[in-house]
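These two chains come separately, so use the hints to put the complex back together.
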Amino acid sequence: MPPPWRAGSASLDRKTDLTTSRPRLSSLRASAAHTLAATALALLSLSAAAQAQAPHKIPDTIEQRIAACIACHAPKDTAGRGAGGVYFPRIAGKPAGYLVNQLLNFREGRRQYPLMTWMVNHLSDPYLHEIADYFASQHPPVPPPPPARDAAAVLARGEQLVRRGDPALKVPACVACHGARLGGVAPGIPGLLNLPRDYVNAQLGAWRNGVRRAHAPDCMATIAERLSPADVAAISAWLAGQPTPPDNRPLERSGRPLPIACGSAP
Amino acid sequence: MTRRLVLLLCAALAALAIAAALAWPREQFVPSASPEAWAGTSAATSANIARGAYLARAGDCMACHTARGGAPYAGGRIMETPFGTLHTPNITPDRTTGIGKWNADDFWNALHNGKSRDGRLLYPAFPYTNYTKVSRADADALFAYLRSLPPRQVQNRSHALRFPYDSQLALAGWRLLYFKPGVFEQDAKRDAQWNRGAYLVEGLGHCSACHSARNRLGASDDGLQGGLIPTVGWYAPSLTSDSEAGLGKWQEDHIVQLLRTGVAPGASVTGPMAEVVAQSLQHLNEGDLRSMALYLKSLPGGPVQTRAPAPRPPEQVLEEGSALYRQHCAACHGARGEGLGPYPALAGNRALSLDEPVNAIRVVLNGGFAPATAGNPRPYGMPPFSHVLDDAQVATLVTYLRVSWGNAAGPVSSAQVNRYRAVPLD
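Residue numbers (our numbering), protein chains in the order written: chain W, 958 to 1223; chain H, 715 to 1140.
Simulated from the structure, these hints should not be mistaken for lab results.
Bear in mind the structure is a predicted one, so any value in this text is a computation, not a measurement.
Each hint should be verified, as a subset may be incorrect.
To be verified - DEER-style ranges, computed between Cβ atoms:
| hint | chain 1 | residue 1 | chain 2 | residue 2 | range |
| --- | --- | --- | --- | --- | --- |
| 1 | W | Ala1187 | H | Ser1128 | 39 to 47 angstroms |
| 2 | H | Gly1015 | W | His1172 | 51 to 59 angstroms |
| 3 | W | Arg1213 | H | Ala777 | 17 to 25 angstroms |
Ideal Cβ positions, reconstructed from N, Cα and C, are used throughout, including at glycine.
Same shape as in the complex, but just chain H (with noise of 0.2 angstroms):
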């Protein structure tokens, strides 16, 4: 009976292994195009480097490769993940420290895969649930750019990440539930451009790195439905939804100037869209950020949510926001919240009118300028109120701000106030 019972499980066991090595992530290898070009340390063609440090831009490579201050591309940013501290590696071509002993195939492993030279399975803030889907050209493109960058000495910190997040094993299991290695594949019904915009966006562009909500496990469901960032304390809009920096309803036009300048009609952007449009996006060619705001604007806007409206705020707290507005916002924004000049509308404003408070209390409270770009070199900046107005006046303020002049959104606590001071700006 016994004996029967153990080997019940131990067939069990033997098909749950069969089924995970079977659901186990391919590796997809594709050749190099041009495997000649490859051969022993010679280097591409100059035509191929320049595509390689313009694909780099799209992918904003540089931005978590490089520290504040530190040599371009030679790692060592910290980013703070829900599961520990990660440090990112140096990729410059120095053969120590850096990438100088990988080849194509080892970047493209990386990228594609996901896996490091020494076969170490990366850890997913690494994007390459967006990189796999980076054509083989352009991967080989991206490591022909790199590979002409100046070597850089600097020595790879290792990542602080709590168990079990730290184990190669953990990362084995995310990956079987949540990656899946496979190049962008055309959408025959739809044409070239926006297969572009697609390609771009759902690739290097890694947009739903920060579009969409993670889970607890850190996975994101590619849906660009907006989601907040961990640690970062910031919420990036859902770009699907209407109601929130959903596209459908915007012109193209405004899209691409967002894109390309920092600044649009109405809008303008902050937080770590500021740094993407600083490092990444301004440096786009028109056809490219065209095509992105193309596909963009033609994601399903998803199911319209109905939601209760937001209770009224007591009357007087409502005469108090409209005094501190008058005393410190309506000179720029306006006495009605129509906006003036460069300085955008608060009237219809949809940072103001998430549901989630969180961007328009750090606004209040950090201020900020939209970033120096070709197309707005010199941007107005709003000044930071942080250590003008107490987190009451901030949730007062605010609070006021999302029921006025036809905005209908929830209030605003102190406590919520008070937890966006402690995080960091960097």
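Next up, chain W with everything else stripped away, as it sits in the complex (with noise of 0.2 angstroms):
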């Protein structure tokens, strides 16, 4: 019997199934992911029901501690699809710095998200640490995007704002900041790829509304103030397009300044 986090096994098929109509190369890699996360969901759920014979066999792995996180966020098979679909950030492989960030963002009030704020809020900062070096050192494979539904132009101007920004609205391209490959920067500026869509409106729009905040100067707020909901809506169709390659980690800091000044990213 599976364990509670793993109760996303029956989405992951039907997401992969989804797809079967896409063309023949990214047909072979889902299926390799399929065969991949068969295996090891067959392997899973083995050592879980071994555990459930074996009593207290519980092991003592920061995977085990962590249980609770992974049920959302996804365990290492899925790929950042987890049982909760279509909200839950991946957080797998996205910086530790970025990460510990978010967790102390939280449980310190400047992220608004009840579940997220009840979890952290009595854990300790080197437990916080741990936890983002954890999913920080994650790699798991990426499953390929959703196929794409907007109009052309509404993907034209998402992409353009991400390649390029847009000089009239004093909006910096993404790829200044996240990586050429979209991959983050370590150790602060996560990636932007394998992202559910909803997911990324809702920060773009929690940074307009003054809800979520970052260190200051709050690079982000100041973005997100001078895109328009069309804009946003159109940054997040293009990215939730884009395969993500699966060598894409996050990059190290050039040295090269910013081209605005961030709190978090030093």
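See the structure below:
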């Protein structure tokens, strides 16, 4: 019997099946991912069954201790598409500095998601660092993106903002900070691929409304303020359609200054 | 005739006024033990400040007097009550927004008599009904500590209480009914350790603020017989009844372990008690925790409640509940609810079998971690199920848990589950 955080297996299968109508290459990739995931799941179920038969054999691992996190943020084998599906962000492989900042932001009230605040409310800084390090070190296989359904003009606007920015709006390109391949930059800047579209919309909206805050100067708040809702939708639509290269790890900081001052990436 | 009636009425009113005046809570002024220490603005000794810091932990002052992410003791935490919203004040020594202009007597008056420096009566959300038991020497040490904090200029927000609760007259009436100042008096028939435990539990610890039922006017009976915490939506179990969290049959070591680390065999703290352990109890010394455990264990168990056995839920509910349990819970809690490793047994689990099912419902909905403490720095967590299971499924599962493996508590409805989905988590 699978433990609770593996309850997403059904949704994983459903999502992988979606890809069968796509061109051959991604279909191959999908079936490879499917086989991998199925094998991993089978192994995990085996170990879960073994656990149930042999009491008091709960392993003392960080993974087991933070099963509560993995329940929504997906086990390694489902690559970011967890039990909740459309909203919970992938956090595996994001830079540890970014992740720990977010955990602290939830605990200290700079981000508002009651369930997250509830989870981390009484956890210590060292434990939050350990949790962040764990997720930063995970690089699960990434499923192909869902098929894009947006108008070409919307996607073009999204791509323009992501790759080149909009000087008229004083909005720098996303790639200028988040890495040329959008895989993030260690230690503090997250990758932007393989995230639920609704999550990206919600974050930019939260910055516009002042509900999500980061260390001053809060660069993303400034940028979100300059973007119209249509621009936000264009960015999230384009990002959601991008495949994630399997080796897309966060870059190291180059020493070049960022186009805008950021308190969380000084 | 009419004149006599008026006279009689006046006499009756006068008698009533005199009775009220006689019953009015007396301000007990106890002079500072060392008044010279407080002359002018000179601070107290470092030993006294350290003692005050410890006592502030025992009183968990910081939890309420700090906003999420705000400066410690600078106030601003929002407290929802059935009577409106309270905003906790800044108690750092800032001269304009904090208590920088207060002297030790002012502080004593607040703690002991529930009165602010400007003479305003304070709302009993500040638990002066408990703090009144604190000794003058301890109050002075607390004040010395608060005076030693860095001053923070954070403006207090005014309370937003509904009429008539926003009036000082109503508050005066409440105090007349429910508040009597008086420091803790030692029970000569008990030993020093018991008395120390009683002093901490009844005084600074203000355990009864949550673990006693409150009446419609928000007054608690101090009996530690358990109560639903208004607006917060958690049930603080009885500390006297053995069928709840009653400690009579618990090993003293386990009580101390729970208070100090947040987990003990078969128990772990969650909700508001997680905050109490994280911010207050884990910082207390072994001797004080032992004294508190000893005192709590000595409380009379109260009458054993004989309640009719709960009706057995329909077979279909039990089957569905069992299927949900096997799918979502058994991997950690064991196939027969026996508990595995760090995960508590559900068979015989008192938190599950309380008459009031709110805690069980909320644990299933929200999961969560025990607090990270020095004794349990990397707690295991439980996943939330609020987005995985709907109201009916949670109700079915909790109902199943409440009648399985020897548990015998009443069923839970999906309406009850739905109610606690909407309760704020913060």
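Indices of hints not satisfied (ascending): 3
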